[in-house]
Amino acid sequence: MESVPDEQPVVHANPNAVADGALVRRTLAGDKKAFDELVLRYQRSAIAVSFRLLGKTDDALEVVQDSFLKAYKSLDSLQKPEAFAGWLMRIVSNLSLNFRRGRKTRQSLPLDDFFDSSQDRDPQAGGDSVDPLRVAAGKELGERLQQALDQLPEKQKSAILLFTIEQMPQKQVAEALECSVESVKWHVFQGRKRLKEMLKDVL
Amino acid sequence: MTESLNTKTQNTKHKTTNPVIKDQANLEYAISQYLDGTLSEFDRRVLEDRLAVDAEARLLASEYAHLDTMLRASRAEPTVDYDRFASHLSGLIEQEESYVAQPIKMPGAWMRYTAVAAALILAIGIGLHFISAPRVDEKVAAGSIDVKVEFAEKPASVPSMTIAVGPSDQLKQAGYAQGLLDDSIIMRTPKLVISAADQPTAFDDRLY
Chain A
149 MESVPDEQPV VHANPNAVAD GALVRRTLAG DKKAFDELVL RYQRSAIAVS FRLLGKTDDA
209 LEVVQDSFLK AYKSLDSLQK PEAFAGWLMR IVSNLSLNFR RGRKTRQSLP LDDFFDSSQD
269 RDPQAGGDSV DPLRVAAGKE LGERLQQALD QLPEKQKSAI LLFTIEQMPQ KQVAEALECS
329 VESVKWHVFQ GRKRLKEMLK DVL
Chain B
1357 MTESLNTKTQ NTKHKTTNPV IKDQANLEYA ISQYLDGTLS EFDRRVLEDR LAVDAEARLL
1417 ASEYAHLDTM LRASRAEPTV DYDRFASHLS GLIEQEESYV AQPIKMPGAW MRYTAVAAAL
1477 ILAIGIGLHF ISAPRVDEKV AAGSIDVKVE FAEKPASVPS MTIAVGPSDQ LKQAGYAQGL
1537 LDDSIIMRTP KLVISAADQP TAFDDRLY
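Residue numbers (the working numbering), protein chains in the order written: chain A, 149 to 351; chain B, 1357 to 1564.
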């Protein structure tokens, strides 16, 4: 067998699901500190997603700030408090896309950020060691990957971004995209298929 | 396709007919789920069997795996002072209005008891009505009910009193002569006369 992956990523159920729900309920009971805890828990993912969609740190921070404020203000409309993470990511994705449409800044990510900023990543965030492919990947590859991602339909791009790149559980991605888990699988597959065609010569 | 991939049935017959083996599109979808770890146990084994013997399928899986590696490696996270950002957000949230737990208004105990009592009374009333009401087709035997009416003896003298509403004849004449009353009043006859006597008495002007 050539390159069949030895390890398959394990899709975990959100270990914070109960705690998220409890924090949401506490916030709704008037405890603002509980919402601070949710901010601490999800700000990193939110910024990463927004940054990926917008390409600029400042823009991403602005959108994430608005997203958390919007989440706080409309927290009482959240039907399932345990689904906070997916719901928040939906807000982040939507506001990021709106922001991008508003400013017409459909630009590629700066490559320094694209490949090198991961050195700033939190050790808890996954911390995969230096990958040979990553070392080999240069500017051109990074640009092409980003361009290919930008050509995907929004749902496919978001599914790839949240599930494959950010490695969020499929259930959370489904909540973020407002679709079923099966649809997430399908969007990821369709996205992959198109990316493979577009990047055929480098795969 | 998905249904067949997710089938829980495990028997050898499926191994030869599973779409993973037959169909290229299904093969790619299966590989995609295989990379994500979401393929069912049965389909995973079917796919691995296929990959073990099919070089083309292995190449396909290799390309998808390579693409995933590139995508994950491309994960970009900007340099941000997260503690500071969180504090900034906390300050903004602090300025927002707090959610205040709204107590759910439940009806008081007395209201519940009253409602139950009213329902009981209504139910009993309806029940009694149906129990006591005679059926339409039920015949009452003749003579089963005796009703005797006795009239009290008429009194020898009855106090006489008449109440009349309207102008008296005297008033009409006087008013008409002096121009004090208009025609509509003069021509009006008493509208209401209540008399307790057998013989109506003459009107008394004092009643007007």
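It should be emphasised that the hints constitute simulated quantities derived from the structure, not laboratory data. Source: prediction; values computed, not measured. Please note that a few of the clues may not be correct.
[Said to hold, decoys possible] Simulated coverage check for chain B against chain A, where a stretch passes if three residues somewhere in it have a Cβ under 8 Å from a Cβ of chain A:
id : region
1  : 1420 to 1426
2  : 1443 to 1454
[Said to hold, decoys possible] Covered stretches of chain B, going by a simulated chain A footprint (3 or more residues, C-beta under 8 Å):
id : region
3  : 1381 to 1390
4  : 1430 to 1436
[Stated by the list, open to error] Here are the simulated EDC-like cross-link-like pairs (lysine to aspartate or glutamate), alpha carbons at most 20 Å apart as the crow flies:
id : chain 1 : residue 1 : chain 2 : residue 2
5  : A       : Lys341    : B       : Glu1384
6  : A       : Lys180    : B       : Asp1439
7  : A       : Lys218    : A       : Asp298
Note that CB positions come from ideal geometry on N, CA and C, so glycine has one too.
Practice item. Would you mind confirming whether the straight-line C-alpha gap from A/Lys341 to B/Glu1384 stays at or under 20 Å? Key: holds (8 Å)
Point to revise | Outcome, coverage hint (the region 1430 to 1436 of chain B, chain A; C-beta under 8 Å; three residues) | key: That given contact holds, which follows from 7 residues of the region 1430 to 1436 of chain B lying within Cβ reach (below 8 Å) of chain A.
Practice item. Sort out whether A/Asp298 lies within 20 Å of A/Lys218, counting only the CA atoms. Key: Not OK: A/Lys218 and A/Asp298 at ~26 Å, beyond 20 Å, violated.
Practice item. Check, residue by residue, whether the region 1420 to 1426 of chain B contains three or more positions whose beta-carbon lies closer than 8 Å to a beta-carbon of chain A, and give the verdict. Key: holds (count 7)
Check your understanding: Is it true that the CA of A/Lys180 sits at most 20 Å from the CA of B/Asp1439?
Key -> Holds, at about 17 Å.
Point to revise | Coverage of the region 1381 to 1390 of chain B by chain A (three or more Cβ within 8 Å) | key: Answer holds; 5 residues pass the 8 Å Cβ test.
Review point. Can the region 1443 to 1454 of chain B be counted as covered by chain A under the rule of three residues or more with Cβ-Cβ separation shorter than 8 Å?
Key: holds (count 8)
When held up to the earlier numbered hints, the structure conflicts with hint 7 and nothing else.
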